[in-house]
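Chains as they are written, first to last, in this note's numbering: chain X, 1 to 364; chain L, 1 to 364.
Note that these hints are calculated values from the structure, not bench results. Where hints are given, some of them may not hold.
Repeated chains share a single entry, so a pair holds when one copy, or any two copies, can fit it.
Taking lysine to any residue pairs in the SDA-like style, the calculated list, with each CA pair at most 25 Å apart, reads [claimed, not checked]:
| hint | residue 1 | residue 2 |
| --- | --- | --- |
| 1 | 163 | 209 |
| 2 | 163 | 200 |
| 3 | 261 | 275 |
| 4 | 237 | 136 |
| 5 | 278 | 15 |
| 6 | 202 | 81 |
| 7 | 237 | 261 |
| 8 | 40 | 317 |
| 9 | 131 | 338 |
| 10 | 93 | 161 |
| 11 | 208 | 67 |
| 12 | 278 | 294 |
| 13 | 292 | 150 |
| 14 | 77 | 90 |
| 15 | 237 | 345 |
| 16 | 289 | 279 |
| 17 | 202 | 26 |
| 18 | 278 | 147 |
| 19 | 237 | 81 |
There are 2 protein chains.
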Amino acid sequence: MTIDEDRTNFSPDTVVVSIDAMGGDSGVEAIIGGMEISAKVNPDIYFIVHGDSAQINALLRNKPELASRVDVRHAEKVISMDEKPSRALRGGKGSSMWNALQSVEKGEAAVAVSCGNTGALMAIAMLRLRKLPGVNRPAIAALWPSRNPSGYNVMLDMGADLKADAQDLLQYAIMGASYARNGLGLEMPRVGLLNIGTEDHKGRPELKEAAKLIETSQESYGIDYIGFVEGSDLPSKRVDIIVTDGFTGNVALKASEGTAKLFGEFLRDAFTHTPMAKVAAIFASASLKRLKDRVDPRHVNGGVFLGLNGTVIKSHGSADAISVSAAIKLAFTLAQSGFSEKLAARIASAAAVTKNSTSETDEA
Amino acid sequence: MTIDEDRTNFSPDTVVVSIDAMGGDSGVEAIIGGMEISAKVNPDIYFIVHGDSAQINALLRNKPELASRVDVRHAEKVISMDEKPSRALRGGKGSSMWNALQSVEKGEAAVAVSCGNTGALMAIAMLRLRKLPGVNRPAIAALWPSRNPSGYNVMLDMGADLKADAQDLLQYAIMGASYARNGLGLEMPRVGLLNIGTEDHKGRPELKEAAKLIETSQESYGIDYIGFVEGSDLPSKRVDIIVTDGFTGNVALKASEGTAKLFGEFLRDAFTHTPMAKVAAIFASASLKRLKDRVDPRHVNGGVFLGLNGTVIKSHGSADAISVSAAIKLAFTLAQSGFSEKLAARIASAAAVTKNSTSETDEA
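Could you put together the complete structure from these sequences and hints?
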C-alpha cells in the first residue's frame with residue numbers, strides 16, 4: 001500500500017514531503033538515513049521519494065517502520081551536480097529532481113527537499129512551480145548561527161540570482177520576514193540591509209534606494225527595519241534578517257562557513273598536537289562537545305527557495321543523514337505553518353501597497 | 001635631538017615609520033604602546049609621530065629608550081571616525097592623519113600607519129600621494145588566516161572602492177601579487193578571482209572578462225592564475241591572493257571576522273558554563289592558548305593601501321597596542337623590501353604590456 005491510497009486516513013497535522021533521493025554527493029543512503037531520523041521523532045511526516053527504486057527499496061527493506069510511510073516513485077534520470085541549469089531545463093524531464101518538484105506542483109506533497117544541483121533545482125522549480133504573482137526574482141534564504149534567542153539569523157539571497165535592484169531587495173525583506181515569522185516564530189522580524197558601513201551615505205545606489213523603500217513601507221509589511229548592517233552583523237543579535245544580493249550573500253555565507261571550518265581544524269589541532277594536549281582533550285570533552293553541537297553546520301542545513309508557488313528546500317550537496325533530517329525538519333515546520341500560502345498572501349498585499357503608493361505618487 | 005637631525009647616522013636598514021597617533025578608538029596610549037613593542041624587538045625602526053604633542057610627550061616621558069627614536073610633530077586637528085571622506089578632504093589639512101601622510105609624500109618617512117577613519121585616510125592619501133601612473137582604482141589588501149605555509153592569504157579590495165571592472169580586477173591581481181612577493185616572500189603567487197562557483201560559466205560578466213585578461217597575461221606579471229575561487233576558499237591553501245571588488249571583499253572579510261568572534265564566544269562559554277567545564281579549562285589551558293594565538297586577529301592587523309606613490313597601512317580602529325605593533329611590523333617589512341618602488345615598476349611594466357597587446361590587436 002502506498003501512502004497515496006492511505007491519504008484519507010491522514011490526520012490534519014500530516015505533512016507529505018517530496019524527496020529527490022538522487023541529488024547530493026553522499027548517495028541515497030544519506031537521504032534514506034535522514035528520512036529515518038525524521039520519521040522516528042515525528043509521527044506526522046510522510047514521504048514521496050523519487051529516484052532509483054531498486055536502490056531505494058533495497059535500503060528500505062530493513063526499515064519496515066519507515067517503509068510504511070514512504071511512497072517510492074521510480075525515476076530513470078539523475079541531474080548531475082555540475083549540469084548547467086539551461087541543460088537541466090531542456091533535458092531534466094523525468095529526473096528525480098523534476099519529479100520531486102512535480103509532486104509539489106500537483107499538490108500531492110506540501111514541500112520538496114533536494115540535495116542536488118542548486119542552479120538546476122531553482123531553474124526547474126521556476127518552470128514547474130512558477131514565480132508568485134508580483135515576485136521578480138525568487139531568492140534562497142539560509143539560516144546562520146547568531147546570538148539571537150532562536151540561535152539563528154536569516155540571510156537572503158544566497159545565490160538564486162547574481163544581482164538585485166532596490167525593488168528586489170524590498171521583496172527579499174518581505175519574503176525573509178515571512179520565513180522568519182513561520183520558520184523561527186518571530187512576530188515582528190528586524191530587517192537589515194547588508195552594506196560596507198552603517199552610515200546612510202555608504203554603499204551602492206540601489207542600497208540607498210532600497211533603504212528608503214523598506215523604511216517607508218515597513219509597517220504595512222510587518223517589518224522592523226533597522227538600517228544598514230555589515231558583514232560582522234551576520235551573527236549579530238541586533239538583526240533577524242539580513243538582506244543582500246545573491247552574489248554577496250553567497251560569498252559571505254561561504255566565507256563564514258570556510259572560517260568556521262578552519263577554526264574547527266585549529267581547535268582539533270590544539271587538542272591533538274602533544275600527548276599532554278590529548279589528555280586535556282579528555283577532561284575537556286564535555287565542553288568540546290557542547291561547542292561542536294552549537295557550531296555544527298549539519299543542524300542548520302537547508303536553503304529555502306522563496307517566491308515560488310510552493311516551498312522547496314535545498315539541502316547541502318555533501319549532506320549526511322543528520323543534515324538531511326535537519327532539512328526535512330525545516331520542510332515540515334514550514335509546511336505545517338502554512339508558510340507557502342501566508343507568503344503568497346503577504347506578497348499579494350505588498351503588491352497592492354506598492355500599487356497604491358505608486359498611484360498616490362502619480363496623483364500628487 | 002629629533003631623529004631628523006640624527007638621520008645621517010642611520011644604518012642602511014633603518015626604516016622611518018610615520019604614525020598618526022590620534023586615529024582609532026583606543027586612544028594615544030594604544031599607539032604609543034604598539035610603537036614601544038615594535039621598537040623593543042626591532043633596532044632599525046624609527047618613528048615620526050603626528051598628534052597632540054602634550055599627550056604624546058606625557059606618554060613618552062617614562063620610556064626614554066623609545067623616546068630617543070621618536071620625532072614628535074604636533075598636530076592641532078583630529079579627523080573623527082565618522083567624518084565623511086569629502087569633508088575630511090576639505091577640512092583635514094593640518095590634522096594628524098594629513099600630516100602623517102605628508103611625511104611619506106616629503107620622503108622623510110618610508111611608510112605611514114593610521115588607525116583612523118578608512119575613507120578619510122584613502123581620500124587624503126590619494127590627494128597627497130597620488131595614484132601610481134597606470135592605476136585606475138587603488139585597493140586595500142588584507143591578510144586572512146589560511147592553511148598555507150605562511151599562515152595567511154591576501155585578499156583585495158577590502159573596500160577602497162565600491163566596484164571594480166575587469167581592468168581594475170587585473171590591476172588588483174598585479175598589485176596583490178607584488179604585495180605577496182614582498183610581504184609574504186612568495187615568488188610566484190597564485191591568484192584566484194572570487195566568484196559564486198568555480199565553473200567558467202558562473203558569475204558576473206566583468207568576472208568572466210577579468211578571468212580572460214589575467215589568464216592571458218599571467219606570465220608577464222609573474223602570476224599563477226588558478227581560476228575562480230569561492231567564499232569557502234578564503235582560508236584555502238590552493239590560492240595565495242583572492243581578488244574581488246571592494247564591496248564583496250569588505251563584506252566577506254567582516255563576515256569571516258564576525259564568525260571567528262562568535263566561535264570565540266562559544267568556546268569561552270563551553271569552558272565556563274559549569275564548574276566542571278572550568279576545571280577542564282585549566283587542564284586545557286595550553287591547548288586553548290595555542291588556538292587563541294593562531295586565530296587572534298590582532299596578529300594580522302593592517303590593511304595595505306595599494307596603487308599609490310608610497311605605502312600606507314590602515315590599522316583597525318579598535319586596535320590595541322599588540323594590534324598596532326603588528327601594523328608597524330608589516331609597515332617595516334614592506335618598507336625594507338622596497339615594496340613601493342617594486343610595485344611602481346610592476347605597474348609600469350604591466351601598463352607597457354597592456355599597451356603592446358592593444359597595439360598588436362590594432363595592427364592585426
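Going through the hints against the structure:
With identical chains, the CA atoms of residue 163 and residue 209 are at most 25 Å apart both within one copy (15 Å) and between copies (17 Å). With identical chains, the CA atoms of residue 163 and residue 200 are at most 25 Å apart both within one copy (21 Å) and between copies (18 Å). Within a single copy, residue 261 and residue 275 get their C-alpha atoms as close as 24 Å, which meets the 25 Å cut-off; across copies the closest is 28 Å, which misses it. Neither within a single protomer nor between protomers do residue 237 and residue 136 lie at most 25 Å apart by alpha-carbon distance, with minima of 30 Å and 39 Å respectively.
For a Cα distance limit of 25 Å, the shortest separation of residue 278 from residue 15 qualifies neither inside one copy, at 46 Å, nor across copies, at 45 Å. When the C-alpha separation of residue 202 and residue 81 is checked against a cutoff of 25 Å, the pair qualifies only between copies, where the shortest distance is 14 Å, while the shortest distance within a copy is 38 Å. With identical chains, the CA atoms of residue 237 and residue 261 are at most 25 Å apart both within one copy (22 Å) and between copies (13 Å). In this assembly of identical chains, residue 40 and residue 317 lie within 25 Å of each other by CA distance solely inside one copy; the values are 23 Å within and 52 Å between copies.
Taking the shortest alpha-carbon separations for residue 131 and residue 338, only the intra-copy value of 18 Å comes in at or below 25 Å, while the best inter-copy value is 57 Å. Taking the shortest alpha-carbon separations for residue 93 and residue 161, only the intra-copy value of 23 Å comes in at or below 25 Å, while the best inter-copy value is 45 Å. Taking CA atoms no more than 25 Å apart as the test, residue 208 paired with residue 67 passes in neither setting, with 53 Å inside one copy and 48 Å between copies. In this assembly of identical chains, residue 278 and residue 294 lie within 25 Å of each other by CA distance both inside one copy and across copies; the values are 22 Å within and 18 Å between.
Proximity of residue 292 and residue 150 under a CA criterion of 25 Å is satisfied intra-copy only: 18 Å inside one chain copy versus 28 Å between copies. Proximity of residue 77 and residue 90 under a CA criterion of 25 Å is satisfied intra-copy only: 13 Å inside one chain copy versus 66 Å between copies. In this assembly of identical chains, the alpha carbons of residue 237 and residue 345 never lie at most 25 Å apart, being 28 Å within a copy and 48 Å across copies at closest. For the identical chains of this complex, residue 289 and residue 279 are neighbours both inside a copy (15 Å) and across copies (16 Å), given an alpha-carbon limit of 25 Å.
Proximity of residue 202 to residue 26 under the C-alpha cut-off of 25 Å is restricted to the inter-copy arrangement: shortest distance 24 Å between copies versus 43 Å within a copy. Taking the shortest Cα distances, residue 278 and residue 147 sit within 25 Å of each other only across copies (22 Å), while inside one copy they are farther apart (30 Å). Only between protomers do residue 237 and residue 81 lie at most 25 Å apart by alpha-carbon distance; the minimum there is 24 Å, versus 35 Å within a single protomer.
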